[in-house]
Amino acid sequence: MSDSPLHFLRAGPPPPKVCLLPDALFFTRAISVAADTPAADVATQVELALESLAPFPIAQLYYGYYHPSGATAALIFAAYRRRVTAEQTDLWNEADLVLPTFAALLGAPLAPGTTLILTHPESLTAVHAAAEGPVQIFTTALPAATDEASANEAALAAAKAELLRMVGGSTTVLDLATLPIAQAAASDGDFTFVAGELNSRLPATIAANLDVRDKAALVARRRGLARDVMFWRVAVGCVVALLLMGLGEISLSAGRATWQKVRLVQLAAQRPTVEKIMNAQALATRIEDLSTKRLLPMEMISVVAAKIPGLIRFSRVVTDAKNLERVTIDARTDNSGEITLFKTALEALPEVAHAEISSQRNAPGSPTTTFTLTTTFKVGAVKSAVTTAP
Amino acid sequence: MIRTLRALFLARLFREKLLLVAFAVLGVVMWFSGFSTRIGTFWREQRATTVSLAEQKQWLANRTAIDAAAQKAAARLDAAQTLDATRLYAEVDKLARAAGVTPGLGEQRDVTGDQFSVHSLQVTLNKVDWEALKKFYLNLQARSPYISIEQFTLNAPPSGSPLSAVLRVCSVEVAK
Chain A
1 MSDSPLHFLR
11 AGPPPPKVCL
21 LPDALFFTRA
31 ISVAADTPAA
41 DVATQVELAL
51 ESLAPFPIAQ
61 LYYGYYHPSG
71 ATAALIFAAY
81 RRRVTAEQTD
91 LWNEADLVLP
101 TFAALLGAPL
111 APGTTLILTH
121 PESLTAVHAA
131 AEGPVQIFTT
141 ALPAATDEAS
151 ANEAALAAAK
161 AELLRMVGGS
171 TTVLDLATLP
181 IAQAAASDGD
191 FTFVAGELNS
201 RLPATIAANL
211 DVRDKAALVA
221 RRRGLARDVM
231 FWRVAVGCVV
241 ALLLMGLGEI
251 SLSAGRATWQ
261 KVRLVQLAAQ
271 RPTVEKIMNA
281 QALATRIEDL
291 STKRLLPMEM
301 ISVVAAKIPG
311 LIRFSRVVTD
321 AKNLERVTID
331 ARTDNSGEIT
341 LFKTALEALP
351 EVAHAEISSQ
361 RNAPGSPTTT
371 FTLTTTFKVG
381 AVKSAVTTAP
Chain B
391 MIRTLRALFL
401 ARLFREKLLL
411 VAFAVLGVVM
421 WFSGFSTRIG
431 TFWREQRATT
441 VSLAEQKQWL
451 ANRTAIDAAA
461 QKAAARLDAA
471 QTLDATRLYA
481 EVDKLARAAG
491 VTPGLGEQRD
501 VTGDQFSVHS
511 LQVTLNKVDW
521 EALKKFYLNL
531 QARSPYISIE
541 QFTLNAPPSG
551 SPLSAVLRVC
561 SVEVAK
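Quick note, the sequences are listed as chains A and B, same order.
Quick note: the first sequence uses this note's numbering, first residue 1, plus one each step.
Quick note: the second sequence uses this note's numbering, first residue 391, plus one each step.
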């Protein structure tokens with residue numbers, strides 16, 4: 001508890017929780033498997049083999065198998081469920097892997113002829129790497145311990161000698177001082193065991209087949225793990241997003257305080273000069289317009305008025321230098337039929353580009369129609385009535 | 391380190407994992423909401439600044455040409471004949487009276503530059519007949535381009551006469 005959080009993080013992940021079961025509970029068999037058999041078919045072949053080999057229905061067995069990819073044989077191991085106590089199975093819920101002790105060493109690189117000896121409190125197990133075919137497993141019970149240590153040692157040595165004799169063909173014997181211990185694996189899902197100087201690495205796919213727990217429960221467990229991994233990825237994604245946003249906030253603040261600020265200062269510094277230039281441009285344009293473009297309202301009125309039919313009267317005329325060629329006239333008439341005639345007459349004039357009637361309406365109970373006439377002249381078509389100053 | 395955290399996370403109870411993920415997602419959503427607004431604001435600000443700077447750059451680059459154009463425009467006018475605001479007022483009043491109308495003069499506006507200024511003046515003519523109005527108009531046009539008409543509004547009563555007119559006239563003053 002005194003360790004700092006940093007030290008805890010640096011220490012790496014804890015070793016996986018592994019339940020190593022006594023080897024004596026299991027019987028082992030090797031079955032032939034075609035080299036290119038898919039993994040799912042290997043599982044089916046193992047179940048079929050167990051149904052024929054075991055004296056109990058497969059539902060009453062805890063079993064697993066070892067079949068490295070491409071191997072031509074699989075090592076099957078199974079235990080009668082009633083030989084495993086409820087206290088033992090209660091611990092399995094928390095475990096990442098449940099397998100016989102010898103199975104933990106199946107991933108060790110063993111030269112042909114090598115025999116490993118595992119000493120359990122009540123039994124001995126020999127794992128023998130044969131020259132051909134899968135490893136062979138031999139288990140023998142130890143005689144009951146006595147109060148004399150020398151007698152116990154002698155009995156143990158005799159049992160080992162008998163076991164090796166039973167195995168036969170051992171060129172190298174590794175008598176392991178300790179049972180395998182699970183270590184933190186290099187990658188997720190893999191398992192690594194250490195027994196003395198011997199290392200056994202079990203990849204995730206092989207370790208999954210070694211697990212002896214109920215297969216339906218294992219499937220449910222794997223689904224739960226997949227869901228948890230998804231949660232983990234979401235959480236990691238969120239943390240990454242938070243970090244990126246933190247970085248973004250810092251960049252944003254830095255960008256405002258430095259880059260944008262410099263640009264705003266530049267903008268403000270240049271503004272008076274630019275406004276001066278813009279003003280000069282506007283004035284130059286205006287002077288140019290004053291010299292070359294003149295608003296000729298009276299001339300435009302004269303042109304339009306020349307085509308007025310009898311009863312139409314103007315009430316308001318508006319012209320603006322922003323649109324030199326346009327005159328807008330509000331007018332009224334007691335004969336609405338004249339409006340169209342008026343428009344047609346105007347459009348027939350060579351000076352007129354187009355004429356448009358809008359806002360035509362009658363006051364209730366009155367014969368008078370009011371309307372707006374917008375006449376647009378062709379550019380330069382209306383001539384001034386006076387000559388200008390030099 | 392990540393694997394240690396991963397192992398720690400996976401070792402939690404399901405509800406704890408759910409809660410952790412929910413808090414993390416909530417945190418991301420809340421922060422992102424504000425962050426995206428700030429990013430958007432900053433983006434619009436910097437975009438507007440970029441556009442403004444580009445416009446300013448263009449104006450500054452064209453400064454010489456604009457000054458030359460202004461000089462050229464000013465050169466078309468005889469500085470002695472240009473009118474300042476006071477002279478415009480007096481000149482318009484004189485032209486109106488010469489046409490036989492009494493003008494209402496008001497609302498002057500001035501746009502001032504380094505080399506020249508533009509002054510404008512609103513002229514209101516009430517109860518004026520067509521011929522007098524036309525005479526005043528022709529007097530104004532005769533002073534073009536030193537005096538010019540910017541806006542012209544003519545109102546006629548239903549009886550057709552007398553008329554009323556509102557004009558905005560302007561003059562250019564070239565700095566001597």
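Rather than coming from a laboratory, the hints here were simulated on the basis of the structure.
Wrong hints could be hidden among the right ones.
[Unchecked claim] Quick list of the computed label-pair ranges, beta carbon to beta carbon:
#: 1; chain 1: A; residue 1: Pro-364; chain 2: B; residue 2: Gly-494; range: 49 to 57 Å
#: 2; chain 1: B; residue 1: Leu-528; chain 2: A; residue 2: His-354; range: 24 to 32 Å
#: 3; chain 1: A; residue 1: Pro-350; chain 2: B; residue 2: Val-556; range: 26 to 34 Å
#: 4; chain 1: A; residue 1: Ser-336; chain 2: B; residue 2: Leu-528; range: 53 to 61 Å
#: 5; chain 1: A; residue 1: Leu-48; chain 2: B; residue 2: Ser-423; range: 54 to 62 Å
#: 6; chain 1: B; residue 1: Gly-496; chain 2: A; residue 2: Asn-335; range: 24 to 32 Å
#: 7; chain 1: A; residue 1: Gln-260; chain 2: B; residue 2: Gly-494; range: 19 to 27 Å
#: 8; chain 1: B; residue 1: Leu-528; chain 2: A; residue 2: Pro-350; range: 21 to 29 Å
#: 9; chain 1: B; residue 1: Ala-470; chain 2: A; residue 2: Ser-384; range: 34 to 42 Å
[Said to hold, decoys possible] For lysine to any residue, the following SDA-like pairs were computed, each having C-alpha atoms within a straight-line distance of at most 25 Å:
#: 10; chain 1: B; residue 1: Lys-525; chain 2: A; residue 2: Ile-308
#: 11; chain 1: B; residue 1: Lys-525; chain 2: A; residue 2: Thr-328
#: 12; chain 1: B; residue 1: Lys-525; chain 2: A; residue 2: Val-303
#: 13; chain 1: A; residue 1: Lys-293; chain 2: B; residue 2: Asp-468
#: 14; chain 1: A; residue 1: Lys-276; chain 2: B; residue 2: Thr-543
#: 15; chain 1: B; residue 1: Lys-524; chain 2: B; residue 2: Arg-477
#: 16; chain 1: B; residue 1: Lys-524; chain 2: A; residue 2: Pro-309
#: 17; chain 1: A; residue 1: Lys-322; chain 2: B; residue 2: Ser-534
#: 18; chain 1: A; residue 1: Lys-276; chain 2: B; residue 2: Leu-398
#: 19; chain 1: B; residue 1: Lys-407; chain 2: A; residue 2: Ala-235
#: 20; chain 1: A; residue 1: Lys-293; chain 2: B; residue 2: Lys-447
#: 21; chain 1: B; residue 1: Lys-525; chain 2: A; residue 2: Ala-321
#: 22; chain 1: A; residue 1: Lys-378; chain 2: B; residue 2: Lys-524
#: 23; chain 1: B; residue 1: Lys-407; chain 2: A; residue 2: Val-262
#: 24; chain 1: A; residue 1: Lys-17; chain 2: B; residue 2: Thr-543
#: 25; chain 1: B; residue 1: Lys-407; chain 2: A; residue 2: Leu-225
#: 26; chain 1: B; residue 1: Lys-525; chain 2: A; residue 2: Arg-313
#: 27; chain 1: A; residue 1: Lys-322; chain 2: B; residue 2: Ser-510
#: 28; chain 1: B; residue 1: Lys-447; chain 2: A; residue 2: Pro-14
#: 29; chain 1: B; residue 1: Lys-407; chain 2: A; residue 2: Val-303
#: 30; chain 1: A; residue 1: Lys-322; chain 2: B; residue 2: Thr-543
#: 31; chain 1: A; residue 1: Lys-276; chain 2: B; residue 2: Lys-524
#: 32; chain 1: A; residue 1: Lys-293; chain 2: B; residue 2: Tyr-479
#: 33; chain 1: A; residue 1: Lys-293; chain 2: B; residue 2: Arg-499
#: 34; chain 1: B; residue 1: Lys-517; chain 2: A; residue 2: Asn-93
#: 35; chain 1: A; residue 1: Lys-261; chain 2: B; residue 2: Glu-445
#: 36; chain 1: A; residue 1: Lys-322; chain 2: A; residue 2: Pro-309
Ideal placement from N, C-alpha and C gives every residue a C-beta, glycine not left out.
Going down the list of hints, with the structure as the test:
1. Under the hint 49 to 57 Å, the C-beta atoms of A:Pro-364 and B:Gly-494, about 36 Å apart, miss the expected range.
2. Evaluation of the 24 to 32 Å hint for B:Leu-528 and A:His-354 yields a pass: the beta carbon distance comes to about 28 Å.
3. Taking 26 to 34 Å as the suggested C-beta distance range, the pair A:Pro-350 and B:Val-556 conforms, at roughly 31 Å.
4. Take A:Ser-336 and B:Leu-528: their Cβ atoms lie about 35 Å apart, and the range 53 to 61 Å is violated.
5. About 59 Å separates the C-beta atoms of A:Leu-48 and B:Ser-423, a value consistent with the hinted range of 54 to 62 Å.
6. Under the hint 24 to 32 Å, the C-beta atoms of B:Gly-496 and A:Asn-335, about 40 Å apart, miss the expected range.
7. The hinted window of 19 to 27 Å between A:Gln-260 and B:Gly-494 is violated, with their beta carbons roughly 52 Å apart.
8. The beta-carbon spacing between B:Leu-528 and A:Pro-350, approximately 24 Å, falls within the hinted interval of 21 to 29 Å.
9. Here the CB-CB span from B:Ala-470 to A:Ser-384 is close to 24 Å, at odds with the stated 34 to 42 Å.
10. Pair hint B:Lys-525 plus A:Ile-308 holds up; C-alpha atoms about 23 Å apart against a cutoff of 25 Å.
11. Proximity of B:Lys-525 to A:Thr-328 is assessed by CA-CA distance (about 22 Å); at most 25 Å being required, the pair is judged to hold.
12. At most 25 Å may separate the alpha-carbon atoms for a hinted pair to count; B:Lys-525 and A:Val-303 meet this at roughly 18 Å.
13. For the hint linking A:Lys-293 to B:Asp-468, the alpha-carbon distance of about 18 Å falls within 25 Å, and the restraint holds.
14. In summary, the hint linking A:Lys-276 to B:Thr-543 is not supported, as the alpha carbons are separated by about 32 Å, beyond the 25 Å threshold.
15. Distance restraint check for B:Lys-524 and B:Arg-477: the Cα-Cα separation of roughly 22 Å lies within the 25 Å cut-off, and the hinted pair is therefore satisfied.
16. Restraint check for B:Lys-524 and A:Pro-309: satisfied, since their Cα atoms lie roughly 23 Å apart, inside the 25 Å limit.
17. Distance hint between A:Lys-322 and B:Ser-534 is fulfilled; the C-alpha atoms sit about 17 Å from each other, no more than 25 Å.
18. Distance restraint check for A:Lys-276 and B:Leu-398: the Cα-Cα separation of roughly 68 Å exceeds the 25 Å cut-off, and the hinted pair is therefore not satisfied.
19. Under the criterion of a C-alpha separation no larger than 25 Å, the hint pairing B:Lys-407 with A:Ala-235 is consistent with the structure, at around 9 Å.
20. Straight-line distance between C-alpha atoms of A:Lys-293 and B:Lys-447 comes to about 31 Å, which puts the hinted pair past the 25 Å bound.
21. Our distance criterion of 25 Å between C-alpha atoms is met by B:Lys-525 and A:Ala-321, whose separation comes to about 20 Å.
22. Between A:Lys-378 and B:Lys-524 the CA atoms are separated by roughly 23 Å; this keeps the pair inside 25 Å, and the hint holds.
23. Under the criterion of a C-alpha separation no larger than 25 Å, the hint pairing B:Lys-407 with A:Val-262 is inconsistent with the structure, at around 47 Å.
24. Pair hint A:Lys-17 plus B:Thr-543 does not hold up; C-alpha atoms about 97 Å apart against a cutoff of 25 Å.
25. Under the criterion of a C-alpha separation no larger than 25 Å, the hint pairing B:Lys-407 with A:Leu-225 is consistent with the structure, at around 12 Å.
26. A C-alpha spacing of about 22 Å is found between B:Lys-525 and A:Arg-313, which places the hinted pair at or below 25 Å, so the restraint holds.
27. Note on A:Lys-322 and B:Ser-510: the hinted pairing holds, with a Cα-Cα distance of about 15 Å set against a maximum of 25 Å.
28. Taken as a hint, the B:Lys-447 and A:Pro-14 pair is broken in the structure, with Cα atoms around 64 Å apart against an allowance of 25 Å.
29. Restraint check for B:Lys-407 and A:Val-303: the C-alpha separation of about 87 Å exceeds 25 Å, so the hint is violated.
30. Restraint check: the Cα-Cα separation between A:Lys-322 and B:Thr-543 comes to about 14 Å, which is no more than 25 Å; the hinted pair holds.
31. The straight-line distance between the Cα atoms of A:Lys-276 and B:Lys-524 is roughly 39 Å, outside the 25 Å bound, and the hint therefore fails.
32. For the hint pairing A:Lys-293 with B:Tyr-479, the CA-to-CA distance comes to about 22 Å; that is within 25 Å, so the pair holds.
33. Taking the CA atoms of A:Lys-293 and B:Arg-499, the gap is about 21 Å. The hint holds against a cut of 25 Å.
34. Between B:Lys-517 and A:Asn-93 the alpha-carbon distance is near 107 Å, which puts this suggested pair outside the 25 Å criterion.
35. Simply put, A:Lys-261 and B:Glu-445 have alpha-carbon atoms about 18 Å apart, close enough for the 25 Å limit, and the pair holds.
36. The suggested pairing of A:Lys-322 with A:Pro-309 is violated, with an alpha-carbon distance near 29 Å, which exceeds 25 Å.
In this structure, the hints that do not hold are numbers 1, 4, 6, 7, 9, 14, 18, 20, 23, 24, 28, 29, 31, 34 and 36, in rising order.
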